[in-house]
Structure formats: C-alpha cells, structure tokens
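My request is simple: use the sequences and hints to build the entire structure.
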Amino acid sequence: MAYSTDLREKIARAYDDGLGSQRAIAELFGVSRSFVEKLLHRRRTTGEVAALPHGGGRQSLCREKEQQLVRRLIEKQPDATLDELCAAIFAKRQLQVSRPTMSRLLRRLELPRKKSRSTPRNGRAKESSKSELDTGG
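Take the sequence shown: its position 93, counted from the start at 1, is 274 in the numbering used here, and no numbers get skipped.
One or more of the hints may lead you astray.
[Unchecked claim] 30 Å max Cα-Cα, derived DSS-like pairs, lysine-lysine:
hint: 1; residue 1: Lys257; residue 2: Lys246
hint: 2; residue 1: Lys273; residue 2: Lys257
hint: 3; residue 1: Lys246; residue 2: Lys273
hint: 4; residue 1: Lys246; residue 2: Lys219
Quick caveat, the hints were computed from the structure, so don't treat them as lab data.
Spelled out as structure tokens, the structure:
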C-alpha cells in the first residue's frame, strides 16, 4: 500500500526544516529509512512526492470475449469442471488456460466452480451409507 501524499509532504517538510537525519525522520513518522531516502531522491529529481501510479502487472489471458464464453458455458452446464472449461476455451478460442487461471476467472466473475466429477453438485462429500448404529460405537 502506498503512503498518502499528505504523509509524504510532511516527511519532506520535516527534512527541510532540519528536524533530524533521514533515519530520525523515518523513526518519527514510522516509515523505513530507505523510504525517506527514495522519497527525497524522487523529489530532487522530479519535484514530486506523490506516489507513482500502479505499474500494472500481468494482464489476464481471458479478455471480455473469453469471460462471456465462460459465463455461457456455466449457464449451459453449471457443474462443468475446471478441466472442461479450459478445454472449451481452447476449442473455441485456441487459448490455452490453466486450471488455476480458470479458477481465478470464475472467482472474479463470481461464478461457482466444480473441481472434479467426484464432487456432488452441492459441493459436499457424500456421507457414508452406514448408519451411526452400525459403527459399534
């Protein structure tokens, strides 16, 4: 999480006012010394103390069309497994998607997921057919 611009400005002002070394200012504001160093360096080179925008990260393989396809597949076959959904995406879009990627996509789309054919529709394991009386308890 990025520190607020207000805190960044207070740290820079405290350093400018000579309230202590970078280490002392870091302790005063409860941040690391390296953060203070980087903040002051950035201000010297760019004139800014505000946080940089988020760098992004890796883009999802499944764009809007693939997401719509997965929604339709789940509507048609609610108990489709992750493997079946991955195979359908490959068959229709020639896009290789892993099971973890499909699981994350279903979570992001707030759709139910089924891990394997052995899991019942309600998501709970079958109870034993033996009654409690048969256990000899």
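Against the structure, the hints:
With a C-alpha separation of about 17 Å, the suggested pair Lys257 and Lys246 falls inside the 30 Å cut-off, and the hint holds. Taking the CA atoms of Lys273 and Lys257, the gap is near 15 Å; set against the 30 Å cutoff, the hint holds. Restraint check for Lys246 and Lys273: the C-alpha separation of about 11 Å stays at or below 30 Å, so the hint holds. Of the pairs offered as hints, the one joining Lys246 and Lys219 is violated, with about 42 Å between alpha carbons and a cut-off of 30 Å exceeded.
Of the numbered hints listed earlier, the single one contradicted by the structure is hint 4.
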